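J.: Sequence:
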Amino acid sequence: MMTVEVFPLRFYEESPEIVAKNLLGKFLFKREDDAFLGGLIVETEAYYGFEDPASRAFGGIKNYNITMQEEPGRVFIYNVHKYWMLNIVAHGPNRIGAVLIRALQPTEGIEIMKRNRPVREITDLTTGPGKLTLALGIDKHLNGVPVTSSESQIFVANNNVKFEIGSSRRIGVKKDLNQNLRFFIKGNEFVSTKRE
DNA sequence: AGGAAGATCTACT
DNA sequence: GTAGATCTTCCTA
195 MMTVEVFPLR
205 FYEESPEIVA
215 KNLLGKFLFK
225 REDDAFLGGL
235 IVETEAYYGF
245 EDPASRAFGG
255 IKNYNITMQE
265 EPGRVFIYNV
275 HKYWMLNIVA
285 HGPNRIGAVL
295 IRALQPTEGI
305 EIMKRNRPVR
315 EITDLTTGPG
325 KLTLALGIDK
335 HLNGVPVTSS
345 ESQIFVANNN
355 VKFEIGSSRR
365 IGVKKDLNQN
375 LRFFIKGNEF
385 VSTKRE
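All residue numbers for the first sequence refer to our numbering, where the first residue is 195 and numbers rise by one.
Since the hints were made in silico from the structure, they are not lab data.
Be aware that one or more of the hints could be misleading.
What the hints assert, rightly or not - 20 Å max Cα-Cα, derived DMTMM-like pairs, lysine to aspartate or glutamate:
1. K368 x E245
2. K356 x E345
3. K256 x D333
4. K388 x D370
5. K334 x E226
6. K308 x E383
7. K308 x D318
8. K276 x D333
9. K276 x E265
10. K215 x E305
11. K215 x E383
12. K276 x D318
13. K334 x D227
14. K215 x E345
15. K388 x D318
16. K215 x E226
17. K220 x E345
18. K220 x E199
19. K220 x E358
As the list claims (entries may be wrong) - The calculated label-pair distances, taken between Cβ atoms and stated as ranges, are:
20. R314 x G253: 17 to 27 Å
21. I212 x K369: 18 to 28 Å
22. K308 x E264: 16 to 26 Å
Owing to the predicted nature of the structure, the values given are computational and were not obtained by experimental measurement.
A virtual CB, placed ideally from N, CA and C, is assigned to each residue, including glycine.
Work the whole structure out from these sequences, hints included.
T.: Next comes the structure, spelled out in structure tokens:
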């Protein structure tokens, strides 16, 4: 693998919306023995705290969502409909928030990921929040792990690419806020849905 | 101990 | 476009 440049904690100490956009085009890697699984982040969604009816923190801090209000730059994982959702905690001081990783463009460990989640087309491998956690072998045990160190089992690394950012309402959300909080790389074929 | 909800996915029509 | 399957967690009793 190429040289790895991770981001410091302050990269994640911004509003979820800002971090959601800043994470696009960056690498996400998960360590698997001697191999790395992962790829480019091509689709994200921002979630806030008590004021966001779609947020896991809506209704109060509980055991299972406590990570959302703790230190930014850490993994926050919860379950929905049998699948694990991968988030990265992102918020200013004394706030609550996280960024949901919705889709990856696979670049590393593709063979292993295909074993974890057999598919015919590579465009089916990690093009959805539940799909990518299965392919990368991510579950609740990674909850709280910092993505700010390349020594972590899972981390985010820098990458310099140019692209246009598209946005839309969040996917699958019953009670959404009145603004676009889903962001994706325009024209990328690994975005989970064409909806804009 | 049981019921309900959910930021999903797949397979159909 | 929609129905149904499926799991983890929370709420009430």
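J.: Among the hints numbered above, which are violated by the structure, and what are their numbers in rising order?
T.: Hints 2, 9, 10, 14, 16, 20 and 22 not satisfied by this model.
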